[in-house]
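Novice: Put chain B on the given structure of chain A with help from the hints.
The primary structure of each chain is shown beneath.
2 protein chains.
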Amino acid sequence: MVIAIDAMGGDHGPRVTVAGAAEALSRDTSGRLRFVLHGDEALIAPELAKLPALKAVATIAHTDQFIAMDEKPAQALRRKGTSLFAAIASVKARDAHAVVSAGNTGALMALSKMLLKMMTDDLERPAIACGWPNEKGGMGTVLDVGANVTSDANQLIEFAVMGTAFHRAVRGKDRPTVGLLNVGSEDVKGHEEVREAHRILREGVDGINYHGFVEGDDIGKGTVDVVVTDGFTGNIALKTAEGTAKFVKNLFKGALKSTPLAMAGALLASSALKKMARSVDPGAANGGPLLGLNGIVVKSHGGAEAWAFSNAVSVAISLAASTYEHDIRQALAQVNSAHGLKSDTVPADKAVDEKVS
Amino acid sequence: MVIAIDAMGGDHGPRVTVAGAAEALSRDTSGRLRFVLHGDEALIAPELAKLPALKAVATIAHTDQFIAMDEKPAQALRRKGTSLFAAIASVKARDAHAVVSAGNTGALMALSKMLLKMMTDDLERPAIACGWPNEKGGMGTVLDVGANVTSDANQLIEFAVMGTAFHRAVRGKDRPTVGLLNVGSEDVKGHEEVREAHRILREGVDGINYHGFVEGDDIGKGTVDVVVTDGFTGNIALKTAEGTAKFVKNLFKGALKSTPLAMAGALLASSALKKMARSVDPGAANGGPLLGLNGIVVKSHGGAEAWAFSNAVSVAISLAASTYEHDIRQALAQVNSAHGLKSDTVPADKAVDEKVS
Chain A
77 MVIAIDAMGG
87 DHGPRVTVAG
97 AAEALSRDTS
107 GRLRFVLHGD
117 EALIAPELAK
127 LPALKAVATI
137 AHTDQFIAMD
147 EKPAQALRRK
157 GTSLFAAIAS
167 VKARDAHAVV
177 SAGNTGALMA
187 LSKMLLKMMT
197 DDLERPAIAC
207 GWPNEKGGMG
217 TVLDVGANVT
227 SDANQLIEFA
237 VMGTAFHRAV
247 RGKDRPTVGL
257 LNVGSEDVKG
267 HEEVREAHRI
277 LREGVDGINY
287 HGFVEGDDIG
297 KGTVDVVVTD
307 GFTGNIALKT
317 AEGTAKFVKN
327 LFKGALKSTP
337 LAMAGALLAS
347 SALKKMARSV
357 DPGAANGGPL
367 LGLNGIVVKS
377 HGGAEAWAFS
387 NAVSVAISLA
397 ASTYEHDIRQ
407 ALAQVNSAHG
417 LKSDTVPADK
427 AVDEKVS
Chain B
77 MVIAIDAMGG
87 DHGPRVTVAG
97 AAEALSRDTS
107 GRLRFVLHGD
117 EALIAPELAK
127 LPALKAVATI
137 AHTDQFIAMD
147 EKPAQALRRK
157 GTSLFAAIAS
167 VKARDAHAVV
177 SAGNTGALMA
187 LSKMLLKMMT
197 DDLERPAIAC
207 GWPNEKGGMG
217 TVLDVGANVT
227 SDANQLIEFA
237 VMGTAFHRAV
247 RGKDRPTVGL
257 LNVGSEDVKG
267 HEEVREAHRI
277 LREGVDGINY
287 HGFVEGDDIG
297 KGTVDVVVTD
307 GFTGNIALKT
317 AEGTAKFVKN
327 LFKGALKSTP
337 LAMAGALLAS
347 SALKKMARSV
357 DPGAANGGPL
367 LGLNGIVVKS
377 HGGAEAWAFS
387 NAVSVAISLA
397 ASTYEHDIRQ
407 ALAQVNSAHG
417 LKSDTVPADK
427 AVDEKVS
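First to last, the protein sequences are chains A and B. For reference, each letter of the first sequence is one residue, going 77 to 433 in this note's numbering. For reference, each letter of the second sequence is one residue, going 77 to 433 in this note's numbering.
Treat the hints with caution; some may be incorrect.
Which copy is meant is left open, so a pair is good if it fits within one copy or across any two.
Taking lysine-lysine pairs in the DSS-like style, the calculated list, with each CA pair at most 30 Å apart, reads [claimed, not checked]:
1) K265 to K193
2) K156 to K265
3) K193 to K351
4) K265 to K168
5) K193 to K148
6) K329 to K131
7) K212 to K126
8) K126 to K148
9) K333 to K265
10) K148 to K297
11) K148 to K265
12) K297 to K249
13) K212 to K351
14) K168 to K249
15) K212 to K265
16) K249 to K193
17) K325 to K351
18) K193 to K333
The hints are simulated quantities; they were obtained by calculation from the structure and are not laboratory data.
Next comes chain A alone, as it looks inside the complex:
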């Protein structure tokens, strides 16, 4: 399996992306993993030299052009020589099974859509799914968290299909439960789009284990495995939760530094607190797939450090090793024929494996 890495993307570039690839490799048991690191050889090679295990299975695809974090997507589309362009194009060309980038989200979305095309013409752009730790100690999936600003009932159902396939592939649960995010659990609650999607899902959609409406606090409770919502609400819910988690964490930290007695207490509890902190490190949930594309594209947080970036790489590996693309394609085709949704799915290309050795 070949993973293309946009080595220049993110706030830290090759220092993090190369080390992150190495960390993901160290967790791999297949022995068949290979990496292509797209970017400036002068910057990548010194990082790679420190990591012999990675060096043995990685090649550098050199380019000295890269997309800045604040570059406009329209401009990024025209620059064919950039590391991100080349990395995505390698998935299109079936030279790689998946691409991972911590770079400019807008450019990643636009380039992925242009080069790989959407599986269904219903989707304005790829949906982003994210991992969301919950009280049950598991990791839920929430989508869309930022791509499609308005979503009709068809799109919400497609998110349910894609979220199910993603959760199965990456979290290993065969029939993940799906909930539609709403302001209440009764059938009459919410706006028209969400009620229509609820009606169709409740009637039964092949392959979707539908639970019903869920509310904002159900995400963290882990009431369902996959929470479906439009990109506007999903993005705001995600950022609100991140802000709230940081706020509460800082309050605890502040309290534990507020008096000498509290500081002594914190010192005694430090080992337990550190263990807890790692268990809810946002980096554990890093790696948001761009769903609905003909090809696997995983977005890492721009500010990710090596461990967090390695988790995004592992998401790409899990997806590439699974039947995820096939599942989505088949499920969408079934949904469309059974419920008369207007999406057209694009026929599957021949497998990447036929081309990459």
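Specialist: For chain B alone, coordinates are given in the frame of chain A:
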């Protein structure tokens, strides 16, 4: 000033509502506060007997009918003898300056709208504002958190007007800053309604100190004083934040109980932790006004204990003591004439004070 209390509302009824009124009274310095407690005298009188200060300024408006927490709003509208109906009707009749209820939200909304009428015919139903603690140590205002499921640009601007008047009245800040919740800060981000509201607010609306777009994590940062959003997004953001805060709190609590050493540490830090816990008790932010009505209606959480309920009563007192209703009416009239919004404001009635002695 007369505050009508729906003494039967909420999960705990008179035990909490009567004690909460007493606690709000104990913080009042005006010496002019009076309460009318609507509900079953047989249940209210024993509670009141324990609280001589409150008993001296309270009267009981007896009824043995009350609205169940799960009763349908349509049914509640027809039951004129309930404690909630009577309490809201007393505001309509100018026998009280404000009403506070911890009861059935749907019934409270429907009855308030039917009896008091909306100030503008633009609003489908009252907007609910909530207090939101932030990193700056202050309390922000977020609206709408659950009433209007879809909101056009006009409604969002009306929320900005009402949120400004509420924040000024209750939080005491003369020119609170206002942000529109969106998925990014650039002008092109978001759906049509939010971009149109942004365009109008940026041009300048009298009385609104507009900051611009804000994102989910800006709510907890306290980037602005008043965050405006539609009721669907606002409700989900609020419940997601409540769920996240509880989750992170429980993680810390769990960690501090996970080993004997951590438990010893928690014991040393317990005084600092308790102080912190109280500062972010959700009860501190209890009391969400139903905005846009001809009359002051404050909703308390159904599960509120006496201290939390007392904060909702204090919100009602602050609103009733301020020029809040007049401010909203005037600001809406100015907005409508300057920007051609289609809302009609209803002329102000004569002040309650003329009627209640």
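Novice: Are the hints correct? Go through all of them and say.
Specialist: Results of checking the hints against the structure:
no.	hint	verdict
1	K265 to K193	between (35 Å within a copy, 23 Å between copies)
2	K156 to K265	between (47 Å within a copy, 26 Å between copies)
3	K193 to K351	neither (42 Å within a copy, 55 Å between copies)
4	K265 to K168	between (42 Å within a copy, 29 Å between copies)
5	K193 to K148	within (20 Å within a copy, 48 Å between copies)
6	K329 to K131	neither (40 Å within a copy, 44 Å between copies)
7	K212 to K126	neither (39 Å within a copy, 43 Å between copies)
8	K126 to K148	neither (34 Å within a copy, 67 Å between copies)
9	K333 to K265	neither (45 Å within a copy, 40 Å between copies)
10	K148 to K297	between (38 Å within a copy, 27 Å between copies)
11	K148 to K265	between (39 Å within a copy, 13 Å between copies)
12	K297 to K249	within (17 Å within a copy, 36 Å between copies)
13	K212 to K351	both (17 Å within a copy, 28 Å between copies)
14	K168 to K249	within (29 Å within a copy, 56 Å between copies)
15	K212 to K265	within (27 Å within a copy, 35 Å between copies)
16	K249 to K193	within (28 Å within a copy, 51 Å between copies)
17	K325 to K351	both (14 Å within a copy, 15 Å between copies)
18	K193 to K333	neither (52 Å within a copy, 51 Å between copies)
Hints 3, 6, 7, 8, 9, 18, counting from the list given before, are not met by this structure.
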